[in-house]
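Peer 1: Numbering of the sequence shown is given in the numbering used here, commencing with residue 241 and proceeding in unit increments.
Calculated from the structure, these hints are not laboratory results.
Since the model is a prediction, treat every value here as computed from it, not as a measurement.
Ideal Cβ placement from N, Cα and C applies to all residues, glycine included.
Each hint should be verified, as a subset may be incorrect.
To be verified - As a list, the in silico DSS-like pairs of lysine-lysine whose alpha-carbon atoms are at most 25 Å apart:
1) Lys282 - Lys252
2) Lys318 - Lys252
3) Lys252 - Lys317
Unchecked claim - Cβ pair distances, simulated, as ranges:
4) Glu289 - Gln256: 19 to 27 Å
5) Gly286 - Ala260: 32 to 40 Å
6) Ala260 - Gly305: 29 to 37 Å
7) Asp288 - Ala260: 30 to 38 Å
8) Thr247 - Val285: 15 to 23 Å
9) Gly286 - Pro263: 29 to 37 Å
10) Gly305 - Lys259: 29 to 37 Å
11) Arg319 - Arg248: 16 to 24 Å
12) Ala260 - Val285: 28 to 36 Å
13) Cys287 - Arg309: 17 to 25 Å
14) Gly305 - Ala271: 17 to 25 Å
15) Cys287 - Val243: 20 to 28 Å
16) Arg248 - Asp270: 15 to 23 Å
17) Leu284 - Ile244: 14 to 22 Å
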Amino acid sequence: MAVIEWTRRAMKQLRQIAKAEQPVVYSAVDALRSWPDCRNVKALVGCDEYRLRVGRYRIIFSIHGERPRIVRIEEVKKRDERTY
Numbered sequence: 241m242a243v244i245e246w247t248r249r250a251m252k253q254l255r256q257i258a259k260a261e262q263p264v265v266y267s268a269v270d271a272l273r274s275w276p277d278c279r280n281v282k283a284l285v286g287c288d289e290y291r292l293r294v295g296r297y298r299i300i301f302s303i304h305g306e307r308p309r310i311v312r313i314e315e316v317k318k319r320d321e322r323t324y
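Please model the entire structure based on the sequences and the hints provided.
Peer 2: Encoded structure:
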């Protein structure tokens, strides 16, 4: 089971989204503990990061270790043409 780690930047971005949508993001991120059996996850091209799709939001994260022990949440952004 992996440990979820939030960066300061990701927490700030999470606080800026609508209060009603924050619990949905939290529960989707919590599902990352069961890596690699997660849905809506894709590897980003050209880097070692992944993205998790949660409605209109994208969670950018990285994985540390072969059998991930730490999942580090890098960013939480609303999907638009500048998200990636």
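Peer 1: Decide, hint by hint, whether the structure agrees.
Peer 2: Okay, the hints, checked on the actual structure:
With a C-alpha separation of about 23 Å, the suggested pair lysine 282 and lysine 252 falls inside the 25 Å cut-off, and the hint holds. With a C-alpha separation of about 13 Å, the suggested pairing of lysine 318 with lysine 252 holds against the 25 Å cut-off. The straight-line distance between the Cα atoms of lysine 252 and lysine 317 is roughly 11 Å, inside the 25 Å bound, and the hint therefore holds. A hinted range of 19 to 27 Å for the beta carbons of glutamate 289 and glutamine 256 is consistent with their spacing of about 21 Å.
A hinted range of 32 to 40 Å for the beta carbons of glycine 286 and alanine 260 is consistent with their spacing of about 34 Å. At about 34 Å, the beta-carbon gap between alanine 260 and glycine 305 stays in the expected band of 29 to 37 Å. Between aspartate 288 and alanine 260 the CB atoms are about 33 Å apart, so this pair conforms to the stated range of 30 to 38 Å. Roughly 22 Å separates the CB atoms of threonine 247 and valine 285, a value that falls within the hinted 15 to 23 Å.
With their beta carbons about 32 Å apart, glycine 286 and proline 263 fall inside the hinted range of 29 to 37 Å. Between glycine 305 and lysine 259 the beta carbons are some 34 Å apart, a value that agrees with the proposed interval 29 to 37 Å. For arginine 319 paired with arginine 248, a C-beta distance near 22 Å keeps the hint of 16 to 24 Å intact. Checked against the given bound of 28 to 36 Å, the beta carbons of alanine 260 and valine 285, roughly 32 Å apart, stay inside it.
One distance hint, 17 to 25 Å for the beta-carbon pair cysteine 287 and arginine 309, holds here, with the actual separation near 20 Å. Here the CB-CB span from glycine 305 to alanine 271 is close to 18 Å, well matched to the stated 17 to 25 Å. The hinted range of 20 to 28 Å is satisfied by cysteine 287 and valine 243, whose Cβ atoms lie roughly 22 Å apart. Distance hint check for arginine 248 and aspartate 270: the Cβ-Cβ separation is about 19 Å, which falls inside the suggested range of 15 to 23 Å.
Between leucine 284 and isoleucine 244 the beta carbon distance is about 19 Å. The supplied range of 14 to 22 Å therefore holds.
Violated hints for the displayed structure: none, as all numbered hints are satisfied.
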